[in-house]
Amino acid sequence: MAQNPSGPRTLFDKLWDSHAIVTREDGQTLLWVDRHFVHEGSFHAFNKLKERGAKVSRPDLTFGIADHYVPTRRSGRTIDPAIQSMIDQLERNTSENGVLLFGLNDPRQGIVHVVGPEQGLTLPGLLIVCGDSHTSTHGAFGAWGFGIGASEVAHVLMTQTLWQRKPKRMRIMVEGALAPGIGAKDIALSIIARIGADGAQGHAVEYAGSAIRGLSMEGRLTLCNLSIEAGARCGMVAPDETTIDYLRNRPFAPAGGEFERAAEDWLQLRTDESAQFDREITLNAAEIAPVVTWGVSPEDALPITTMVPDPETIPDSGKAAQVRDALAYMDLKPGQRLTDVRIDRVFIGSCTNSRIEDLRAAAEVLAGRKAKVPGLVSPGSSLVKQQAEAEGLDRIFQEAGLEWVESGCSMCVGMNGDIVQPGERCASTTNRNFKGRQGPGARTHLMSPAMVAAAAVTGHLADVRPLIEERS
Amino acid sequence: MQPFQRLTATACPLPYANIDTDQLIPARFMKRSRAEGYGGYLLHDMRFSGEGSEVPDFPLNRPQFRNAQIVVARRNFGAGSSREAAVYALVDYGIRCVIAPSFGDIFASNSVNNGLLPARVEEQDAEALMRHLESDGAELTVDLEEQSVTAGDRRIPFVVDPVWRMKLLNGWDDIDLTLNQADAIARFTVEDAARRPWAAPHPQAR
Ligand code: SF4
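Chains as they are written, first to last, in the numbering used here: chain D, 204 to 675; chain G, 23 to 228.
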């Protein structure tokens with residue numbers, strides 16, 4: 204095993220070492236996988252398994268979730284046959300292999316990266332993979348989560364292992380106190396704007412510093428979720444009391460005395476004092492403003508108080524061409540104030556921002572106000588939905604004029620038919636503003652749930668801070 | 023898997039940064055079975071207009087680049103989702119090598135698992151290659167043994183992870199390598215259960 208237990212190690216080194224089965228001379232390491240999540244899109248991998256006449260090797264460590272294609276308006280409606288067949292296929296593939304499925308009618312159903320933590324399937328120190336790039340989300344617990352492709356999914360299904368080369372290590376420190384109304388989404392978008400959508404490529408990122416320590420688990424999940432949008436292989440936060448408190452009494456987490464013993468181990472999962480990173484960057488939390496994206500990559504992010512960039516002022520011709528192309532797609536004018544950009548609809552949901560705290564933050568802004576545009580609110584899981592309804596948040600959304608629907612990936616990726624119409628502009632809590640991501644020709648502006656709520660009640664991109672101040 | 027050693031073929035410039043996997047294959051086509059072939063959906067919304075007709079000046083639609091087996095693009099090619107369908111679309115279209123200054127990590131490893139070579143070049147070399155293809159002829163030679171791209175009389179080096187290079191050169195599949203490790207895996211699981219008893223999902227929750 205490539206392990207040097209005596210030298211100082213980063214959190215990532217510790218996770219790497221504890222999962223390495225063998226390391227070849229060329230540096231490729233065979234790693235043990237603790238949890239593997241599959242969804243409707245995993246059918247290519249199951250087909251590869253069938254071609255080889257193989258079965259899932261560790262069904263006890265494999266969990267199926269219906270999320271990518273599930274309809275969010277379920278009761279009394281017939282489901283599009285092509286979508287139904289995606290869901291049926293997942294049911295068949297999991298049941299034939301003895302894999303537990305959180306299916307369409309399971310009360311625990313939801314988006315994979317919301318359900319894993321909620322069920323206590325995500326624990327510190329685990330290696331978690333899924334055929335979905337936002338598997339980085341699970342790093343919020345000091346776990347090592349990363350997305351894999353169908354060939355790798357098939358490999359994990361067959362062997363519960365994966366070959367990897369060790370990524371470089373990067374630490375992103377965020378120090379100081381966040382201003383009111385600023386959250387994890389603003390931190391993440393600020394980081395991506397600073398280092399670029401490929402700024403962390405080839406790196407395992409650890410988030411640290413007082414502003415990160417101060418985040419709730421929900422906030423850390425949002426932050427780690429967006430690691431992939433900076434190109435990182437994974438993102439993680441070392442476990443602390445916040446982590447332990449969240450996990451206590453979760454269904455799949457250890458129980459009783461076992462939990463307390465586990466917690467002792469988990470709290471050891473942190474970067475040693477003098478451990479080295481390949482790269483370090485630091486942000487000052489106090490300088491982070493509410494951020495929105497204006498373009499077609501998450502790196503196209505700016506504080507809401509600023510203006511749409513002007514390609515004529517950009518010296519690098521390639522970059523200028525990219526901005527011109529983005530502005531044409533987004534139908535924006537150079538120098539236009541971001542707060543003058545009118546929107547057509549809003550979406551609150553996705554594995555980035557659909558947890559109970561996200562819904563509370565949006566509801567706080569929407570309470571007693573009316574949305575000027577239509578919109579959809581899709582909670583991250585059926586349990587989040589239940590909780591939100593118990594708190595009366597569903598009524599706030601509906602009284603504001605937004606539609607309250609079931610849980611799923613929904614308008615994050617539009618696979619279930621929830622799409623933004625061509626040419627429409629959507630303020631969205633999701634993670635990707637790529638061209639056509641929310642539907643062909645759709646224009647997406649990424650921002651936090653509170654900022655989406657502010658856009659909803661004003662009808663344009665807006666700074667949420669005055670709306671919060673009005674209340675107090 | 024088909025090995026990749028040396029390829030001389032038509033190459034198409036794609037002068038865009040951040041060509042993400044949602045561009046490479048829009049999500050709405052991903053319900054289909056691979057048997058139908060994904061090549062028709064490659065860069066669908068860039069290649070075709072809303073009415074379904076070809077966008078004439080999109081590089082892949084221009085006569086001289088039609089039979090491209092190589093593409094050259096700007097930075098951060100294949101960023102975004104883990105959808106291997108993005109690689110299927112390229113491979114089924116006939117592309118065997120993508121040359122760019124940087125790649126999305128998951129996309130790059132998916133490529134290698136499907137015999138598609140992600141060749142990393144310096145930013146100015148990518149620009150030079152694209153200029154060459156526009157003005158001096160639409161053919162390139164990619165030599166994986168030597169790690170070089172030849173454009174006319176100009177030779178440009180590229181970088182690829184050495185392990186990926188071996189896999190591509192030999193057409194190796196990971197599964198066979200892993201199955202040879204069955205004993206090591208069995209030993210690991212026994213030791214690991216003692217070291218991390220908390221790692222197993224609580225059985226009563228099922
Ligand atoms: S919500 Fe969006 S990003 Fe998250 S798992 Fe679903 S499709 Fe992927």
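Since the hints were made in silico from the structure, they are not lab data. Only a predicted model underlies this, so the values are computations on that prediction, with no experimental measurement involved. A portion of the hints provided could be inaccurate.
Stated by the list, open to error - Selected chain D positions facing chain G (in silico; Cβ < 8 angstroms):
hint, residue
1, E228
2, Q231
3, G328
4, G459
5, E463
6, L470
7, L586
8, V616
9, R635
10, K638
Cβ coordinates follow ideal geometry from the N, Cα and C atoms, glycine included.
Evaluation of the interface hint that places G328 (chain D) against chain G, nearest CB under 8 angstroms: Holds: closest Cβ of chain G sits about 7 angstroms from G328 (chain D), inside 8 angstroms.
Answer holds if the nearest beta-carbon of chain G is closer than 8 angstroms to that of K638 (chain D); otherwise answer violated. This hint holds: K638 (chain D) lies near chain G, its Cβ roughly 6 angstroms from the closest one there, short of 8 angstroms.
Hold the hint about V616 (chain D) up to the distance rule: shortest CB distance to chain G must be less than 8 angstroms. holds (5 angstroms)
Can Q231 (chain D) be said to touch chain G, with a Cβ gap under 8 angstroms? holds (5 angstroms)
Status of the E463 (chain D) interface restraint (C-beta, 8 angstroms, chain G): With a closest approach of 10 angstroms, the E463 (chain D) hint is violated.
Going by Cβ atoms only, is G459 (chain D) closer than 8 angstroms to chain G? violated (10 angstroms)
Does the CB of L586 (chain D) sit less than 8 angstroms away from some CB of chain G? Violated. Min distance 14 angstroms.
Tell me if the interface restraint on E228 (chain D) is satisfied: Cβ within less than 8 angstroms of some Cβ in chain G. With a closest approach of 10 angstroms, the E228 (chain D) hint is violated.
The hint names L470 (chain D) as touching chain G; please verify it with the least Cβ-Cβ distance against 8 angstroms. Violated: closest Cβ of chain G sits about 12 angstroms from L470 (chain D), beyond 8 angstroms.
Let's test the interface hint: is any C-beta of chain G closer than 8 angstroms to that of R635 (chain D)? Nearest chain G Cβ about 7 angstroms off; hint holds.
Taken one by one, the earlier hints fail for this structure at numbers 1, 4, 5, 6, 7, listed in ascending order.
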